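Trainee: Go by the hints and put chain B onto chain A.
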Amino acid sequence: MANLTLVQAINLALTQEMEADDRIVLLGEDIGLNGGVFRVTEGLQQRFGEDRVVDTPLAESGIMGSAIGLAMAGMRPIPEIQFEGFLGPAYDQLINHGARYRTRSRGAITVPLTVRVPVGGGIHAPELHSDSPEAIYAHHPGIKVVMPASPYDAKGLLISAIRDPDPVIYFEPKRIYRAFREEVPEDEYTIPLGKAKIVEEGSDLTIVTWGAPVLQCLEAMDKLPDDISVELIDLRTIYPYDMDCIEESVRKTGRCVVVHEAPKTSGFGAEIAAMVQERCFLHLEAPVQRVTGYDTIMPYYKLELDYLPEADRIAEGVMACAAY
Amino acid sequence: MPTKVIYNAKINQIQILDENGKLDEKLARGGLKDAQVLKLYEHMSICRHYDEVAFKLQRSGRMGTYPQNMGQEAIGAVALAAIRADWMVPCYRENAALFLHGLPMEKILLHWMGDERGNQIPEGVNITPISIPIGTHMLHAAGIAWALKLRKEDAVAFTFFGDGATSEGDFHEAMNFACTLKLPCVFICQNNQWAISVPRSKQTASETFAQKGLAYGAECLQIDGNDVFAVYKAAKDARARALKDGKPTLIEAYTYRLGDHTTADDARRYRDAKELEMWRLRDPLIRTRKYLEAKDLWSDDKQKTLEAKAKEIVTKVVKNAEGIEKPTNDDIFDHTFAELPEEIIRQRDTMHTHSLGQRPEQETLRASARGV
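So the sequences go chain by chain: A and B. 85 is the number that my numbering gives to position 85 of the first sequence; each next residue is one higher, with no gaps. 321 is the number that my numbering gives to position 321 of the second sequence; each next residue is one higher, with no gaps.
So here's chain A without its partners, still in its complex pose (with noise of 0.2 Å):
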């Protein structure tokens, strides 16, 4: 057991599924000797060799399109994309080959490739260095969607990732990517892809999030009235996503919440608020409520806490889901 960053979680991971299974490949930019821009991969090439953790040409097409094929001829390859803002030129490569090959091959071609991608806001930087497209990706059939909120989940859930037969894009907050640390299990342990986690137990209200926000919940949490008990979901699963939870959270409070930091329309919380009116209907005492980004681009970093969904706005949001 050691005290890990977010950062450390997915390290250890990596180099864990990389000893048990040599068919892991890692490629992408600059994870080699540079370890990743957020040194996710520290040391593994030292460790694994320049076969097994390779510094790619700069082409996000290339490096999804060339992990689908290793992927499809029996190797297991683990592309990182740098930041989640670069995947537009990959998206073509993921959505419409590797989410597909399974489909349309009948299962005789597979595609069990982790494409790790750190994601969302908050750190301060450039363009195009903050946004949240996971609704993107769980809109397309055929691709599992991962975001861990702790260190702990990060390794569970990468491992069941990286086990699994089918295409995951695991989204990497990097607002917590060393916010704070937690006690990580040395031995390998998995979290099933599609279980959702519940953060805090509570009885008024059901608050349903994932990624960085959870820790932003949790300090609206702290601003709350004491007599409102929050019930506070964290997803971990984008898609497929845990709605059992969900359900017998919501039937239990009567109210529910979703926070993202993605735009509000067609944001995953949309999904969400869907789905309990339509499992959830007469337990309802109130409109499902969303506290998201807005429907804008995401503003540089002089703004970008006017349009995270900080505590303040969550709380408020909360309030008024509680009084209706």
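Hints may be right or wrong, so weigh each one.
Stated by the list, open to error - As a list, the in silico PhoX-like pairs of lysine-lysine whose alpha-carbon atoms are at most 20 Å apart:
#1 B:K26 - B:K290
#2 B:K319 - A:K302
#3 B:K290 - B:K149
#4 B:K311 - B:K39
#5 A:K302 - B:K56
#6 B:K182 - B:K244
#7 B:K33 - B:K290
#8 A:K302 - B:K326
#9 B:K10 - B:K247
Unchecked claim - Where chain B lies over chain A, by a calculated footprint (3+ residues, C-beta under 8 Å):
#10 3-11
#11 82-94
#12 121-127
#13 166-176
Unchecked claim - Partial pick of chain B residues on the chain A-facing surface, computed with a CB cut under 7 Å:
#14 P122
#15 E123
#16 N126
#17 F333
#18 I344
FYI, nobody ran anything at the bench for these hints, they're computed from the structure. Source: prediction; values computed, not measured. Yeah, the Cβ is synthetic: ideal placement off N, Cα and C, and Gly gets one too.
Mentor: Showing chain B alone in chain A's frame:
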């Protein structure tokens, strides 16, 4: 069928001012005049100081991530080969060319200070905002050049990118469009040897970056990118060729990134100190100064005056950039569309995405929520 050679290729390399400040008189003919060299030297020196100050601003928490331009200032000579109507379509290591082409110097600082107003280019200045995704903007240059051609304007588009950018598919599409459609477009690859930590040797197995343009039908050459004479000549010739024959040129400017990739990077992790030292000797500022000194156009006194001037200019630029009032929250919304959809207006006016507490009949809810 007998074998025969059906295609031969060669790439010329041009250096006019060597690293010791020695000029190839023959090649220099018709090129930069001394007054222009003086102007460039002063400008490059100011840009160097700007870069140093920007670095310090980041280190002292007054600015976000910043990519230093240090060592690549000679690219500014492209702007002397351009006319005002020409377009510059940059990535982010061409400050020297952009400032000479009319970009107010505080714009670049503002951008890296996390303020979109840094991208608000003044009217009449034909420069696109610096481009963050690698190697995607050259297609815009092709499009701009296309428009210039369709509108029969006597102007070209210059686009700048790094060695790493040539690995992106969009680079190849841009070259192909420009050449196939015979667009007045000049592609300038600043080969500074490093794409963050990835050396040129891992970026391509090609002998030069310049030759990548041959297959598309472009005129291709490699120049010493730290030589203002070569940069100017290559840009000027390419411009003329683009306008006269509709033939795009790919210029590989062989240079070196003397700084880290950005302030978020530490090149010592992956780069040999000896390599850096060797390139410091090839600094465009050193050789340009040597040239001017040999012609008796420069002196220590002039250098002192220049340094004071650079300090004064950059201090003022920083003051302007830092003095601008923080944008209001409305700024997040107001430029999303020409006409804002109702939902965006609602989000702007309430700063809420939750739907409760946004209507007059819910005023009591809002009041209770404000008590939080």
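Trainee: Now look at each hint and say whether the structure bears it out.
Mentor: Structure-based check of all given hints:
1. Proximity of K26 (chain B) to K290 (chain B) is assessed by CA-CA distance (about 19 Å); at most 20 Å being required, the pair is judged to hold.
2. A threshold of 20 Å between alpha carbons decides the hint, and for K319 (chain B) with K302 (chain A) the separation of about 17 Å falls inside it, so the pair holds.
3. Among the hinted pairs, K290 (chain B) with K149 (chain B) is inconsistent with the structure: their alpha-carbon atoms are about 41 Å apart, more than 20 Å.
4. For the given pair, K311 (chain B) sits about 17 Å from K39 (chain B) by alpha-carbon distance, which is consistent with the 20 Å threshold.
5. A hinted pair counts as satisfied when its Cα atoms are at most 20 Å apart, and K302 (chain A) with K56 (chain B) qualifies at roughly 19 Å.
6. Between the alpha carbons of K182 (chain B) and K244 (chain B) the distance comes to roughly 11 Å, so the proposed pair stays at or under 20 Å and holds.
7. Under the criterion of a C-alpha separation no larger than 20 Å, the hint pairing K33 (chain B) with K290 (chain B) is consistent with the structure, at around 16 Å.
8. This hinted pair checks out: K302 (chain A) and K326 (chain B) have alpha carbons roughly 7 Å apart, not beyond 20 Å.
9. This hinted pair checks out: K10 (chain B) and K247 (chain B) have alpha carbons roughly 17 Å apart, not beyond 20 Å.
10. Given as covered by chain B, the stretch 3-11 of chain A fails the check, having 0 residues with a CB less than 8 Å from a CB of that chain where 3 are the minimum.
11. With a threshold of 8 Å between beta carbons, the proposed coverage of the stretch 82-94 of chain A by chain B holds, since 4 of its residues qualify and at least three are required.
12. Evaluation of the coverage hint for the stretch 121-127 of chain A: fulfilled, as 4 residues show C-beta separations to chain B shorter than 8 Å, against a requirement of three.
13. With 0 residues bearing a CB less than 8 Å from a CB of chain B, the stretch 166-176 of chain A misses the requirement of three and the coverage assertion fails.
14. The criterion of a C-beta within 7 Å of any C-beta in chain A is not met by P122 (chain B), whose closest approach is roughly 19 Å, and the hint is violated.
15. A cut of 7 Å between beta carbons decides the hint on E123 (chain B): the least distance to chain A is about 22 Å, and the hint is violated.
16. For N126 (chain B), the interface hint is violated, the least distance from its beta-carbon to any beta-carbon of chain A being 21 Å, above 7 Å.
17. With its C-beta approaching chain A no nearer than about 5 Å, F333 (chain B) sits inside the 7 Å limit, and its interface hint holds.
18. Using the Cβ-Cβ criterion of 7 Å, the hint placing I344 (chain B) at the interface with chain A is satisfied: the shortest such distance is roughly 5 Å.
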